[in-house]
Amino acid sequence: MGLLKEPDLGTPAVTSDTTAEVLVDGTAVTVPAGTSVLRAAALAGIDIPKLCATDSLEAFGSCRLCLVEIDGARGTPASCTTPVADGMVVRTQTPRLEKLRRGVLELYISDHPLDCLTCSANGDCELQDMAGVVGLRDVRYGYAGENHLDAPTDSSNPYFDFDASKCIVCSRCVRACDEVQGTFALTISGRGFDSKVTAGVDQPFLESDCVSCGACVQACPTATLQERTVVELGMPTRTVLTTCAYCGVGCSFKAELRGDQVVRMVPYKDGGANEGHSCVKGRFAFGYASHPDRVLAPMVRDRITDPWRTVSWEEAIGHTARRLREIQAGHGPGSIGGITSSRCTNEEVYVVQKMVRAAFGNNNVDTCARVCHSPTGYGLKQTFGTSAGTQDFRSVAYADVIVVIGANPTDGHPVFASRMKRRLREGAKLIVVDPRRIDLVRTPHVEAAHHLQLAPGTNVAVINAMAHVVVTEGLVARDFVAERCEGYEEWAAFIAREENSPETLAEVTGVPAAELRAAARLYAAGPNSAIYYGLGVTEHSQGSTMVMGMANLAMATGNIGRDGVGVNPLRGQNNVQGSCDMGSFPHELPGYRHVSDDGVREVYEQLWGVPILPEPGLRIPNMFDAALDGTFRALYVQGEDLAQSDPNTRHVTAALSAMDLVVVQDLFLNETAKYAHVFLPGTSFLEKDGTFTNAERRINRVRPVMAPRTGRHEWQIVCEVARAMGYPMDYPSSAAIMDEIALTTPTFAGVSFATLDRVGSVQWPCNEAAPTGTPIMHKDGFVRGKGAFVPTAYVPTKERSTRKYPLILTTGRILSQYNVGSQTRRTANVVWHSEDVLELHPHDAEVRGITDGDLVDLASRVGRITLRARIADRMPVGVVYTTFHHPVTGANVVTTEHSDWATNCPEYKVTAVQVSLARADAQVEPAAAAAEPVPVAGE
Amino acid sequence: MSTTVRPHVRLANDIAAQFHHLPPDEAAERVAAHLRMFWDPRMRAQLLATVTADGELDPVARAAALLLRDTPR
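From first to last, the protein sequence lines stand for chains A and B. Take -5 as the starting number for the first sequence in this note's numbering and just add one per residue. Take 171 as the starting number for the second sequence in this note's numbering and just add one per residue.
It is possible that some hints are incorrect.
Claimed, not checked - Residues of chain A clear of chain B, computed beta-carbon distances all greater than 12 angstroms:
hint : residue
1    : L607
2    : M617
3    : R752
4    : S893
Stated by the list, open to error - Derived coverage of chain B by chain A (criterion: at least 3 residues anywhere in the stretch with Cβ under 8 angstroms from a Cβ of chain A; other residues may be distant):
hint : segment
5    : 207 to 218
6    : 231 to 238
Don't read these hints as lab results, they were simulated from the structure. The beta-carbon is built from N, C-alpha and C at its ideal position, and this holds for glycine as well.
With the hints as extra help, turn the sequences into a complete structure.
The following block contains the structure:
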């Protein structure tokens, strides 16, 4: 398509049970009551001139361009702030209005650079457009008067400029920051002629609270706030609609291009997940796709100590297939396996699990969800019957009480956080359950009613205590439970025990009983209470128990099956949901159906023409253990950096080193590639053709803006390896892969590229019963029939602080970086996070003689690293925190082999550590060198 | 925790600990069902191979392993 310019109806849509019919310039239009005259006119096909109005922001009424005449009304009211009334007669073009508008434009233009031909917004400037629309031909005041033409440009932000000389002070940027993003980083300072847009306390953008989401840039009607790429490259000429490749929010974007060069990524207003909003990663951090570090040709080597040798695709694929078969011949069919990637499309993931099951002939396939949300899959399947969140993101707008557990949405899922903050500003109550005082606890116009600052590792104790209050104080939704659930009596008897009371558990959790009781009562009172959670729930030795505990609480209070409620995982990577849906777990075929199910296996056996093993295969940590005992010898790794992201780096690298063949398919030579024998270059999201499924089960198209720079789509590479192994696997297109998924997976039965191209996106289940998808699950009944209450005993982690390791380390991520950082570290986002640092409480720092910025040693029983300290009073005493975005830091050198009991999801959130000042001559060392040899189970 | 505990023993003990609130027989059945559902056969075989000798195996995990021996699937 050419450049897609979305219509701007001037003011946001209004929902109302009643309508009003108005006559605009003789055209009748019926709109919901409360709609602005400006929007009604636009819906009637009549564009009223405007500058300060845009349909992503509430009406402001400052520019005075959208004036209209209304029969029976005095004067010329602004149409943006005037709601329609039934029978209203509006005129948008009269000599009086034309004269007024020209006068307004004269004033704007008298204080604006007349450099349209060389301006970066030439052709995309609403001021320029309006000057044309009102027929401005001269400016009576001249240009020599007092003006702002010498106002400076702020170029501190790496992605956009703020050219104050072009600002018309329409406040759209300020309102976007407030209303859309919810950061309140911008303001209008000064009065009258001195009014100006200011970031922070008159700071450069980079030093202010600005989070670089780009909402202000998008809202700006002139070149005042402009993407640096537009300044450098010029205006884009065509649009490709696609999906962001970062977090599990899965924002829809317009990739705006010149040829196949991306000029800018602009959030798409019709995107169901983001509705026109974005964050700094999706909006700006796409430059990694063209980074010179990209490897574009396949490489092989015999030993990991050898240099890489660039080879043809044919040689790489033939070599890979031959070695896999040789290893199977020598060590058995189960000696090889594969790992799928949550950064790849559903279609790319599907073919990898198919290759493992059909060509490898085993179920040794796992996915990186193993180390993040596998407990979500287990816990929600046990209780609700399906491994997915219950709501769409839109639902949060109907929540009265929002519980955020073990998640930091403003950093990890910023676009959803903005939707959540909007609802909180409207008055919804917030409960935060987190050891750290995350930003959401107190942020502009948002303050948590309760912050349950629990000790790391005590989630289950807290959720049990909340349920105890609900049960023992008579707050159970009896009708809902009786009609919709089973197992309640047994669970209620368990949870009502004194051992689960807030008073008993306060000593364990550190949460005052009165505070916990108040939070539980607030949640139960709702009336609509919603739980949102992240890896602070799942990455524990009791992660699956906690997921079931949250499901119990939601069922007990009837908070399932409608808008504003539910239990919702905030997924880390863009396609975590999809990679799990596609049969990436070693015990499940696509659609979460166990491999022991004869009927399900038969579907695939008939289609694929091979038998499928009825027994589960190895999970990622089991693969490592088996590699060290010599029974697992080869691994095909699609787009995951095990050596950086998985716990206990030394254990992981020892396992990788023990294998005869490691195949890495990725964009870059990552840490895992150091242990690889074959490197198969992958494609960035700008080259992929497929689908991602986000945290709300929304299946979105990923459309290519250019051909694969490697010459191969990733699914084609996998098919070629399978064929070279003797298994016929081929598809004419990625659309055909989705057709096979739909054919074999009941929840995807109605999904096809054609459907997605027609309707935009759908949320699974999408089938005959729900042809347009299912935004809210479990509405009339649970997927498993009755919702199952499961008793959730609190079993403390085995990882304990000791005299030698007295602190607890918890790990996470920050706004500007993504996962192992292989993408974001190769963008300008590094200006916000050039290294991983260790946050610790002032008391813990003081007793160790540590000051802000000191290099410190962080040691656990499995390893030691060196990094810089940051003193932070958001940390509780006794708890320290770091991120894992930089391989040089090697945060996972210190994390341990402890894992969730049900799924083996690693316990990243609880590691006993000691922190001490590093030697005077210490540096942040490469992680591998920092790791000390220590005995580890299985080695 | 000893760092020399073999992985299948450590993992089986972790699962068993979650069911200690149940009567021992029921707990063993639940653990065995979990192992059948989620463990690769070679891991179950490793557990069975050590069930009589391994002093570090949780009693519930041991009982579950014996159930696996009697009823593999």
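Results for each hint:
Look at L607/A: its CB is around 9 angstroms from the nearest CB on chain B, not clear of 12 angstroms, so calling it non-interface is violated. Non-interface call for M617/A relative to chain B: violated, since the shortest CB-CB distance, roughly 9 angstroms, does not exceed 12 angstroms. In this structure R752/A is separated from chain B by more than 12 angstroms, as the shortest Cβ-Cβ distance comes to about 39 angstroms. Chain B draws S893/A into its interface by the beta-carbon criterion, the shortest separation being 7 angstroms against a cut-off of 12 angstroms.
Check result for the segment 207 to 218 of chain B against chain A: holds, 7 residues qualifying (beta carbon to beta carbon below 8 angstroms, three or more required). Counting residues of the segment 231 to 238 of chain B whose CB falls under 8 angstroms from any CB of chain A gives 0; the rule of at least 3 is not met.
Going down the numbered hints, you'll see the structure goes against 1, 2, 4 and 6, while the others check out.
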